[in-house]
Amino acid sequence: MPDPVITPALIKQHGLTPEEFERIRGILEREPNLTELGIFSVMWSEHCSYKNSRPLLKQFPTKSPKILVGAGEENAGIIDIGDGLAIAFKIESHNHPSAVEPFQGAATGVGGIIRDIFTMGARPVCAVNSLRFGPITTVDGSPAGPAVLKNRRLFTGVVAGIAHYGNCFGIPTIAGEVYFDASYEGNPLVNAFCLGVLRHEQIARGAAKGIGNPVFYVGPATGRDGLAGAAFASQDLTEESAEQQRGAVQVGDPFMEKLVMEACLELLATGAVAGIQDMGAAGLTCSTCETAARAGTGIEIDLAKVPQRAPNMTPYEIMLSESQERMLIIVHKGREEEVKRIFDKWDLPWAEIGFVTDTSRMVVKNHGVVVADIIARKLADEAPVYQREAREPAYLAAVRAFRLTGVPDTTDPAGNLNTLLAWPTIASKNWVYRQYDHMVRDGSVVCPGSDAAVIRIKADSLPTAADATAAVTEKYLALKVDCNAVYVYLDPYEGAKTVVAEVARNLACAGAVPLGSTDNLNYGNPHNPEIFWQLRESVRGLAEACRAFNAPVTGGNVSLYNQNPGGPIDPTPTVAMVGLVEKLEHVTTQWFKDAGDAIILLGEIADRQDPLLGLGGSAYLQRVHGLKTGSPPRCDLEREANLHLALRGLIHTGVVKSAHDCSDGGLAVALAECCISRPIARETPGLIGAVIDLSGYGDLRQDALLFGESQGRVVISVAPLHAAKVIAQAQALGVLASRLGTVGGSALQITTSAGKLEGDTRGLHDHWWHALARAMSGE
Amino acid sequence: MNFAVLQFPASNCDQDAVHVLRNVLGHSARLVWHKDTSLGGADAVIVPGGFSYGDYLRTGAIARFSPVMQAVQAFAAHGGLVLGICNGFQILCEAGLLPGALIRNRSLQFRCEHIFLRAPTPDSPFTNRIPAGQLLRVPIAHGEGCYFADDTTLGQLRAQNRILWQYVDAAGQPTDAANPNGSLDNIAGICNERRNVAGLMPHPERAAEGLLGSADGRLIFESLLHELTARAARPPAA
Amino acid sequence: MKAKIIITPKKAVLDPQGKTVQNALEHMGYQGIGAVHVGKYLEIEVTGDPAVLQGQIDEACRKFLSNPVIEDYKFQIE
Amino acid sequence: MKAKIIITPKKAVLDPQGKTVQNALEHMGYQGIGAVHVGKYLEIEVTGDPAVLQGQIDEACRKFLSNPVIEDYKFQIE
Ligand SMILES: Nc1ncnc2c1ncn2[C@@H]1O[C@H](COP(=O)(O)OP(=O)(O)O)[C@@H](O)[C@H]1O
Ligand SMILES: [Mg+2]
Chain Y
2 MPDPVITPAL IKQHGLTPEE FERIRGILER EPNLTELGIF SVMWSEHCSY KNSRPLLKQF
62 PTKSPKILVG AGEENAGIID IGDGLAIAFK IESHNHPSAV EPFQGAATGV GGIIRDIFTM
122 GARPVCAVNS LRFGPITTVD GSPAGPAVLK NRRLFTGVVA GIAHYGNCFG IPTIAGEVYF
182 DASYEGNPLV NAFCLGVLRH EQIARGAAKG IGNPVFYVGP ATGRDGLAGA AFASQDLTEE
242 SAEQQRGAVQ VGDPFMEKLV MEACLELLAT GAVAGIQDMG AAGLTCSTCE TAARAGTGIE
302 IDLAKVPQRA PNMTPYEIML SESQERMLII VHKGREEEVK RIFDKWDLPW AEIGFVTDTS
362 RMVVKNHGVV VADIIARKLA DEAPVYQREA REPAYLAAVR AFRLTGVPDT TDPAGNLNTL
422 LAWPTIASKN WVYRQYDHMV RDGSVVCPGS DAAVIRIKAD SLPTAADATA AVTEKYLALK
482 VDCNAVYVYL DPYEGAKTVV AEVARNLACA GAVPLGSTDN LNYGNPHNPE IFWQLRESVR
542 GLAEACRAFN APVTGGNVSL YNQNPGGPID PTPTVAMVGL VEKLEHVTTQ WFKDAGDAII
602 LLGEIADRQD PLLGLGGSAY LQRVHGLKTG SPPRCDLERE ANLHLALRGL IHTGVVKSAH
662 DCSDGGLAVA LAECCISRPI ARETPGLIGA VIDLSGYGDL RQDALLFGES QGRVVISVAP
722 LHAAKVIAQA QALGVLASRL GTVGGSALQI TTSAGKLEGD TRGLHDHWWH ALARAMSGE
Chain B
39 MNFAVLQFPA SNCDQDAVHV LRNVLGHSAR LVWHKDTSLG GADAVIVPGG FSYGDYLRTG
99 AIARFSPVMQ AVQAFAAHGG LVLGICNGFQ ILCEAGLLPG ALIRNRSLQF RCEHIFLRAP
159 TPDSPFTNRI PAGQLLRVPI AHGEGCYFAD DTTLGQLRAQ NRILWQYVDA AGQPTDAANP
219 NGSLDNIAGI CNERRNVAGL MPHPERAAEG LLGSADGRLI FESLLHELTA RAARPPAA
Chain A
5 MKAKIIITPK KAVLDPQGKT VQNALEHMGY QGIGAVHVGK YLEIEVTGDP AVLQGQIDEA
65 CRKFLSNPVI EDYKFQIE
Chain D
5 MKAKIIITPK KAVLDPQGKT VQNALEHMGY QGIGAVHVGK YLEIEVTGDP AVLQGQIDEA
65 CRKFLSNPVI EDYKFQIE
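Chains as they are written, first to last, in the numbering used here: chain Y, 2 to 780; chain B, 39 to 276; chain A, 5 to 82; chain D, 5 to 82.
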């Protein structure tokens, strides 16, 4: 088949502008052919090049003495956790594929991020996920229409896909978050995170080093799957773009990935590997040109040698395919036999497809005929960068002007509490995480259901070492991902700070000190100045907050063009953070433990300087009053950081029996969760009541007192004899602390100046625990 | 004692079993690759959890044909102790070493959560150290753990006291609500007629250390060790 | 040639998937829907002497592709 | 009457299950085995006017029983 002529229409179809095309001609010093056009189009897509976001990402703090591999250097960053051990982690989105085929889209998202981690030489030890869908219930309980049914189908498919891949691969999916909001209708968000562990000396590099070294391909044959998926992810999700993509859905094979991972780790331990990179977005294209660019070498491959699943695949298709579970490995010359032996042991398909050159060019041949020839570095690193226009969104004026004057105070706080507990965004996510194997690998110290998960790192968490006898000191890591996107929508800068504050607070509640973070920026189309403004302002907030909590960003992902015909999604910068719990005794969970314990609030009961008293953007206003507006709670980073420090200090003294932060749903929801969230066994929750006295706060509106979401608050419980001392210590550390009540009984009773809210723990638990299952079965 | 822990390509609880046997219980445990034909003189065999061959077609269907399973068949035929956990249980059923089959959970969903187990009889190498009436709090993690057998088989299991573990509620009752997958008779695990081969869906190896929330699962391994010690003390049969 | 194999759950075996599909179909308003059974379909490309293949596929079905405790099978080579 | 429905993975889509079964059959020593595809088989008991049923089952297959993104279906009412 002769190459088609490169027409303006074809250029446009590839998502390239006329100026970008000129730049390509400049780089090549000639006209590109179709294969080359395809290669540039994927490498210069937002997904691979960050051309719209790169200038903003520069604001992130990316350095600390603990960082061994920094953001942007490799597939994932690496952080030292002491005693010669290190962790690699990263988050990545698979939004558009999941919109088209939720099960496979989400499954391959998990597969992709796991590959990013073992590519670094680390053994993947846990997974985390952050999900968003349109509403799965109707506001008034009326029968679900097509939109709600579709949201349920997407939710079902995505969760099953994540479960399928992670469970079969054998990685515990140990934490996550799920939000439901109309802005995600038709454009769900699926962000998957993976963390791996390795020894310092085991760090592998994605560089094509050593002129003459052979290049191996390992993994299943290449098919027409996910053709140009990176480009697909970098345009608005429309019916047409989805239809195109349908023909090329990627199917995940977790069994294959497990084999590829074990073989790669075994291979890395031999020292025969000079460089290694997964074939993720933009498959063979990205892995060849990036490895060459990193090493400053060239690479030459022959596509005829690439295993192919379908007959008559063109060079264009082979280069752009996103078939899953494939790796590119550059091997030290002379060590090929060891490589082949290991691949054969694991029954893996492999092929030697090329070699490293000194030409600094990426040369692709097909049966010996050159089909692409590009200077690798220019392709990988010289994508255009845009400073987009930014304009404050018009809706913000109304948001800022919003006051509570038109909102009557609550008259049914007990009813409101039940309603909030059963609201899918707040309700227990056990319908989700019980489908995930969250305990495999014998390390799940705190399972999903508490603020942050805690995982134990032990000898077998590590990749096989040349010296298998070296002792390994056990470590405890805490993890969580968070993002209240409604806050970010209502105030991108302040909201983004809160995102980071909340995730850091969750780590502090578990007893952990932050090590680092990774973020996934999910936004609408950046060509819209209002959306670019959201992006710019929230990145500023994220960067500032990550600095404040000493949680440098080690990498992340940008997913733009998340729009459906109804408009853009809420700006959703999800942030996953990893922290270290120094000693096992410091691990703390959120639920109350023993009757008689004193309940203490760290932080101020409400932010009195906030005219909305923490109700702006709150779950309460959204669910009870149908209002998604008002300036969200302010985030005072200095105070917040001080709170975390004090909380950890108290935990270290050994007196804190439980710690739970106040987030969605405010203090009343947090207290209820402390009473009902302890899991014992199937159908056997650990329930314990509490008696709370808030009558001293008569100056506050009831709804704000109970359901306001002012930041910087944590509910802890301690043995009664420690209560006074703990309050004094907290105050000495500059954190306000007040006793709210006592653990015990079979109900949560909250007395306020206006009356008493009482909820039997069984009833509260029932509303909260079964809400998602009920919603999904249409009850 | 020496344990052989089988390793299929996609076993993923193999390391966990080795960890518990070695580091928690202080015995020796060795991974045995599925292509091996010998168990290397092990005293007992653990067939661990995971997805053996991706669990394509049916759970355990492909694994039963692997070379190592020939060795396990022979080992069991000589009275050797074999314990299958989760996927290991599925493999033993597929291989015909245990009767019945494990089918899709009735919820059609994978389930990972803690459950309570009751051991109706101490009369087996796998339950002899479990005090009468004691409930074990142990996690499950499976999508296909619904135990099925025809009426005759089920009758035999009951009559011969071969139901070794049942799902129960906090009061020790095998209620429907306590049944996580729809298993007949709330069956979580059984043994063969000779009582030397057993399988269960729950994961005792994930409940062997206090820091993971429960150490109840140790009782199952301790039962096995108790039996092995007793056997070692017995003079070899003529 | 192709061997086309149909594997169905035995009548006595719980078929929650069949039940779920049945409920869903009724829910969607389809009329006249009775019991639903969900099984497997396998298609295998084969070459060789049909008579030999017949025996081979039957054996593969019995020993490997189906589990006689819970499933029935039938096949055809075309 | 019964509607018998066969759902198979689309040819262009990866079928890891089929591939694994194929490998296993080859490993077990079966000769002349080519590509294997694993799909679903549904049997639905139905009553009503065959012509109407034809349309209904087709719709159910398209909208619910199969996943048109990655699967093809065919059916027969007997
Ligand atoms: N998709 C998910 N996967 C795994 N665990 C989840 C998921 N969603 C929520 N969880 C778990 O449920 C608990 C509550 O989550 P969330 O409501 O996000 O907590 P918070 O209010 O602290 O932000 C956490 O332990 C969290 O890890
Ligand atoms: Mg929290």
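Check before you lean on any hint, since a few could be wrong.
[Said to hold, decoys possible] Below, in silico cross-link-like pairs of lysine-lysine (DSBU-like), each with a Cα-Cα straight-line distance of 30 Å or less:
1. Y:Lys430 / Y:Lys658
2. Y:Lys459 / B:Lys73
3. Y:Lys151 / D:Lys14
4. B:Lys73 / Y:Lys341
5. Y:Lys430 / Y:Lys584
6. A:Lys44 / A:Lys14
7. A:Lys78 / D:Lys67
8. D:Lys78 / Y:Lys151
9. A:Lys23 / A:Lys78
10. Y:Lys151 / A:Lys23
11. A:Lys67 / A:Lys78
12. D:Lys67 / A:Lys44
13. D:Lys14 / A:Lys6
14. Y:Lys629 / Y:Lys757
15. D:Lys67 / D:Lys8
16. D:Lys14 / A:Lys14
17. D:Lys44 / A:Lys14
18. A:Lys44 / A:Lys15
19. Y:Lys430 / A:Lys23
20. D:Lys78 / D:Lys67
21. D:Lys44 / Y:Lys52
22. D:Lys44 / D:Lys67
23. A:Lys23 / D:Lys67
24. A:Lys78 / D:Lys8
25. D:Lys8 / A:Lys6
26. Y:Lys52 / Y:Lys366
27. D:Lys8 / A:Lys15
28. A:Lys67 / D:Lys14
29. Y:Lys430 / Y:Lys594
30. Y:Lys67 / Y:Lys459
31. D:Lys8 / A:Lys8
32. A:Lys44 / A:Lys8
[Stated by the list, open to error] Short derived list, chain D residues pointing at chain B, Cβ under 8 Å:
33. Thr24
34. Ala28
35. Met32
36. Val73
Everything labelled a hint here was simulated from the structure, so no lab data went into it.
Computed from a predicted structure; not experimentally measured.
Don't be surprised by glycine CBs; every beta carbon is placed ideally from N, CA and C.
Cross-check of the supplied hints:
Restraint check for Y:Lys430 and Y:Lys658: satisfied, since their Cα atoms lie roughly 23 Å apart, inside the 30 Å limit. At most 30 Å may separate the alpha-carbon atoms for a hinted pair to count; Y:Lys459 and B:Lys73 meet this at roughly 28 Å. Distance check on the hinted pair: Y:Lys151 and D:Lys14 sit about 23 Å apart at the alpha-carbon level, within 30 Å; holds. A hinted pair counts as satisfied when its Cα atoms are at most 30 Å apart, and B:Lys73 with Y:Lys341 qualifies at roughly 17 Å.
Taken as a hint, the Y:Lys430 and Y:Lys584 pair is honoured in the structure, with Cα atoms around 28 Å apart against an allowance of 30 Å. The suggested pairing of A:Lys44 with A:Lys14 holds, with an alpha-carbon distance near 12 Å, which does not exceed 30 Å. Between A:Lys78 and D:Lys67, the direct Cα distance comes to roughly 28 Å. Compliance with the 30 Å bound is thereby established for this hinted pair. With a C-alpha separation of about 25 Å, the suggested pair D:Lys78 and Y:Lys151 falls inside the 30 Å cut-off, and the hint holds.
With a C-alpha separation of about 23 Å, the suggested pairing of A:Lys23 with A:Lys78 holds against the 30 Å cut-off. A distance of roughly 22 Å separates the Cα atoms of Y:Lys151 and A:Lys23; the hinted pair therefore holds under the 30 Å criterion. For the proposed pair A:Lys67 and A:Lys78, the alpha carbon gap of about 13 Å is at most 30 Å, so the pair holds. Restraint check for D:Lys67 and A:Lys44: the C-alpha separation of about 20 Å stays at or below 30 Å, so the hint holds.
About 17 Å separates the Cα atoms of D:Lys14 and A:Lys6, which keeps this hinted pair within 30 Å; it holds. The hinted pair formed by Y:Lys629 and Y:Lys757 meets the criterion: a straight-line CA distance of about 28 Å does not exceed 30 Å. With a C-alpha separation of about 17 Å, the suggested pairing of D:Lys67 with D:Lys8 holds against the 30 Å cut-off. Taking the CA atoms of D:Lys14 and A:Lys14, the gap is near 28 Å; set against the 30 Å cutoff, the hint holds.
Distance check on the hinted pair: D:Lys44 and A:Lys14 sit about 16 Å apart at the alpha-carbon level, within 30 Å; holds. Taking the CA atoms of A:Lys44 and A:Lys15, the gap is near 15 Å; set against the 30 Å cutoff, the hint holds. Distance hint between Y:Lys430 and A:Lys23 is fulfilled; the C-alpha atoms sit about 26 Å from each other, no more than 30 Å. Under the criterion of a C-alpha separation no larger than 30 Å, the hint pairing D:Lys78 with D:Lys67 is consistent with the structure, at around 13 Å.
Only pairs whose Cα atoms come within 30 Å are accepted, and D:Lys44 paired with Y:Lys52 is rejected, the gap being roughly 44 Å. Simply put, D:Lys44 and D:Lys67 have alpha-carbon atoms about 16 Å apart, close enough for the 30 Å limit, and the pair holds. For the proposed pair A:Lys23 and D:Lys67, the alpha carbon gap of about 18 Å is at most 30 Å, so the pair holds. Restraint check for A:Lys78 and D:Lys8: the C-alpha separation of about 14 Å stays at or below 30 Å, so the hint holds.
Among the hinted pairs, D:Lys8 with A:Lys6 is consistent with the structure: their alpha-carbon atoms are about 19 Å apart, no more than 30 Å. Between Y:Lys52 and Y:Lys366 the alpha-carbon distance is near 29 Å, which keeps this suggested pair within the 30 Å criterion. For the given pair, D:Lys8 sits about 16 Å from A:Lys15 by alpha-carbon distance, which is consistent with the 30 Å threshold. The suggested pairing of A:Lys67 with D:Lys14 holds, with an alpha-carbon distance near 28 Å, which does not exceed 30 Å.
Restraint check: the Cα-Cα separation between Y:Lys430 and Y:Lys594 comes to about 21 Å, which is no more than 30 Å; the hinted pair holds. For the hint linking Y:Lys67 to Y:Lys459, the alpha-carbon distance of about 20 Å falls within 30 Å, and the restraint holds. Distance check on the hinted pair: D:Lys8 and A:Lys8 sit about 14 Å apart at the alpha-carbon level, within 30 Å; holds. For the given pair, A:Lys44 sits about 11 Å from A:Lys8 by alpha-carbon distance, which is consistent with the 30 Å threshold.
At about 4 Å, the closest approach between the beta carbon of D:Thr24 and any beta carbon in chain B falls short of 8 Å, and the interface hint on this residue holds. Among the interface hints, the one on D:Ala28 holds; its C-beta lies about 5 Å from the nearest C-beta in chain B, closer than the 8 Å criterion. Hint on D:Met32 holds. Least Cβ distance to chain B is approximately 6 Å, under the 8 Å limit. Residue-level restraint check for D:Val73 is violated (minimum Cβ-Cβ distance to chain B is 20 Å; threshold 8 Å).
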